Amino acid sequence: MSGIYFDNNATTRVDPAVVEAMLPYFTEQFGNPSSMHSFGNKVGLAIKKARMQVQELLGAEHDSEIIFTSCGTESDSTALISALKAQPDRKEIITTTVEHPAILTLCTHLEKEGYKVHLLKVDGKGRLDMDEYKKLLTDQVAVVSVMWANNETGTFFPVIEMAELANAAGAMFHTDAVQAVGKVPLNLKDTKIDMLSVSGHKLHAPKGIGVLYLKRGTRFRPLLRGGHQERGRRAGTENTTSIVGLGKAAEMAMEAMHHENTEVARLRDKLEAGILAKVPRSFVTGNPENRLPNTSNIAFEFIEGEAILLLLNKFGIAASSGSACTSGSLEPSHVMRAMGIPYTAAHGTVRFSLSRYSTEAEVDRVIAVVPEIIAQLRKLSPYWDGDGPAAEPEKAFAPTYA
Amino acid sequence: MWDYSDKVKEHFFQPRNAGPLDGANGVGDVGSISCGDALRLMLKVEPETDVILDAHFQTFGCGSAIASSSALTEMIKGKTLDEALKVSNQDIADYLDGLPPEKMHCSVMGREALQAAVANYRGEVWSDDHEEGALVCKCFAIDAVMIEDTIRANNLCSVQDVTNYTKAGGGCSSCHEGIEEILAQVMAERGESFNPGAQPKEEAPKGGMTNLQRIKKIEAVLESVRPQLKRDGGDIELLDVDGKTIYVSMTGACAGCQMEALTLQGIQQKLMEELKEFIKIVPTKAGALSRASCHV
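These protein sequence lines map, in sequence, to chains A and B.
So the first sequence is residues 1 to 402, counted in this note's numbering.
So the second sequence is residues 1 to 296, counted in this note's numbering.
If you're looking for bench data, these hints aren't it; they were derived computationally from the structure.
Some hints could be false.
Chain B is nowhere near these chain A residues, computed Cβ spacing over 10 Å in every case [as the list claims (entries may be wrong)]:
| no. | residue |
| --- | --- |
| 1 | V19 |
| 2 | F220 |
| 3 | L224 |
| 4 | L310 |
| 5 | P332 |
| 6 | A361 |
| 7 | K379 |
List of simulated lysine-lysine pairs, BS3-like, C-alpha gap at most 27 Å [said to hold, decoys possible]:
| no. | chain 1 | residue 1 | chain 2 | residue 2 |
| --- | --- | --- | --- | --- |
| 8 | B | K9 | A | K379 |
| 9 | A | K49 | A | K134 |
| 10 | A | K314 | B | K7 |
| 11 | A | K379 | B | K44 |
| 12 | A | K379 | B | K77 |
From a predicted model like this one, the values you see are computed outputs, not experimental measurements.
Even glycine gets a Cβ: it sits at the ideal position worked out from N, Cα and C.
With the hints as extra help, turn the sequences into a complete structure.
As structure tokens, this is what we get:
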């Protein structure tokens with residue numbers, strides 16, 4: 001398929017080698033790994049191999065610390081609910097204002113059930129205040145859940161340090177690392193991270209497969225109970241094909257780790273610099289000094305993101321936006337609001353996320369197309385006047401909001 | 001991605017009447033809080049006749065906001081102010097061959113900009129009288145504020161009540177958890193707690209209609225669509241009404257027509273609007289009903 005796909009934080013294409021590794025497990029290797037006969041046994045061995053491939057990617061000490069789930073969201077829910085069930089005396093959760101809805105919506109729900117949720121604030125560059133965190137870490141906290149890298153801006157949180165602090169306070173530490181795994185070298189055995197969520201489709205494995213890393217010794221209560229699969233920690237017949245695919249994808253991610261952090265980062269930087277140089281009144285959101293190598297989130301002031309995406313799509317370019325309209329929600333991205341980005345810019349944020357398949361030619365093409373799209377939409381904007389924003393744009397156009 | 005009609009896409013990609021308007025004598029600046037969208041509508045009105053000679057827009061907003069603005073300017077040009085004010089947000093949506101439920105507020109914003117611009121021309125002050133909330137029911141595009149207000153005004157206490165009064169929750173039923181939450185919150189305000197087992201209010205808003213009145217109303221709706229069906233060589237007959245299920249028979253060219261489902265959908269929508277309740281229309285062959293009852 002042609003087109004320029006710069007939306008890899010949303011999902012990635014399944015690598016052809018991953019598909020190839022999976023195919024036999026749809027056809028001749030169809031057995032149930034729990035069965036006693038050889039149909040099952042071979043599949044059991046394939047799952048064992050995949051578990052070790054994922055263990056390697058995460059730098060986990062034991063392969064039994066890898067629990068296969070159906071997706072990142074299931075891993076997140078399992079982790080938080082387990083931590084609360086295992087420590088009934090602790091009724092508080094610490095997380096951040098900029099987490100993925102997989103955590104935030106769950107926490108809103110848990111609040112209704114009587115738990116106290118503390119949301120750590122971020123500054124203009126999306127950074128946490130560690131003093132605020134330390135103050136909240138009391139013996140009432142059951143679990144801290146902080147994402148490794150933000151999905152919209154790519155900004156990293158200091159999760160290794162935060163896990164140490166949580167551990168010292170006797171609280172469990174979970175991190176939603178779906179954007180980081182495969183892009184950041186991990187060595188979980190040397191950390192105090194108790195639980196970590198992985199999503200297969202963010203690293204060129206298929207959708208519908210995830211992992212919960214569970215450090216040995218961490219007290220655990222399963223979300224799904226039933227058969228003995230995953231050592232009784234996640235009942236339900238294994239998604240064998242996708243587990244095999246995720247194993248292969250993990251192995252390939254290890255091989256591509258250097259490329260991801262050098263070449264992909266270089267292309268991202270070129271894209272970002274190229275756009276900023278040609279488009280006035282645009283800026284990078286998040287912390288450019290400390291973020292994923294593949295992600296660039298740019299705010300284009302005075303225009304709206306969905307309109308930008310529709311025009312980009314006409315040129316065959318895929319990206320995503322933090323505007324309210326693209327999600328059907330009432331507000332622009334909660335991440336942009338948390339960072340204090342004004343409405344007129346938050347609605348116009350566009351996230352470009354590259355992958356190891358991205359090419360220089362694609363980057364050049366996007367740099368060539370974006371400025372004219374932005375100019376075209378600004379011509380329609382009441383905040384814009386000729387070649388620049390209206391003098392004092394917020395006064396030039398102050399609509400009656402309903 | 002949104003399921004935009006070709007007309008929406010066309011008006012987005014080639015907006016009509018975009019940009020400032022020299023000599024504008026009526027300007028309306030409005031925004032929709034739900035999307036952060038905002039629109040400036042500029043009119044050039046001929047003072048002697050009140051005819052809108054030209055209309056331009058500038059919009060900060062998504063694809064459907066730009067398309068709605070573009071459509072509005074096309075619709076009102078050449079009309080007198082009073083004629084233009086008759087354009088409803090549904091007219092704007094219809095002109096664009098429909099908008100996704102999440103995007104209907106874009107057409108509302110267009111209608112408000114028109115009111116504001118006319119008020120500005122006439123030297124009046126326009127004030128907005130409606131508040132918009134988070135979309136709860138996607139089947140019928142009903143938002144949270146509408147549901148809250150209706151619960152408050154009618155002392156409702158069950159999801160079925162809310163569906164009867166607002167249609168919200170009457171379709172796919174996925175939003176029932178959300179409706180229950182709103183019920184719990186509003187009922188708490190009046191010192192009650194939400195009980196999932198509560199019986200719906202006795203007199204649902206059939207407006208106190210008797211069965212006979214209700215059936216007459218259904219007949220009237222079918223009568224109103226009959227000329228259209230007859231023009232295409234078909235007809236429709238009311239067979240029975242069983243609670244919320246209305247059995248009809250499509251005859252003539254309508255029977256087995258490929259567009260039958262679409263036609264029925266339109267009639268069902270019309271019936272729901274008239275009866276102000278959720279109903280289901282089921283096409284049946286005449287005579288099939290009595291036979292079916294033998295099998296019970």
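Consistency of the hints with the structure:
no., hint, result
1, V19, "holds (25 Å)"
2, F220, "holds (28 Å)"
3, L224, "holds (21 Å)"
4, L310, "violated (5 Å)"
5, P332, "violated (6 Å)"
6, A361, "holds (25 Å)"
7, K379, "violated (6 Å)"
8, B:K9 to A:K379, "holds (18 Å)"
9, A:K49 to A:K134, "violated (40 Å)"
10, A:K314 to B:K7, "holds (16 Å)"
11, A:K379 to B:K44, "holds (20 Å)"
12, A:K379 to B:K77, "holds (21 Å)"
In the structure shown, a violation is registered for the earlier hints numbered 4, 5, 7, 9, in ascending order.
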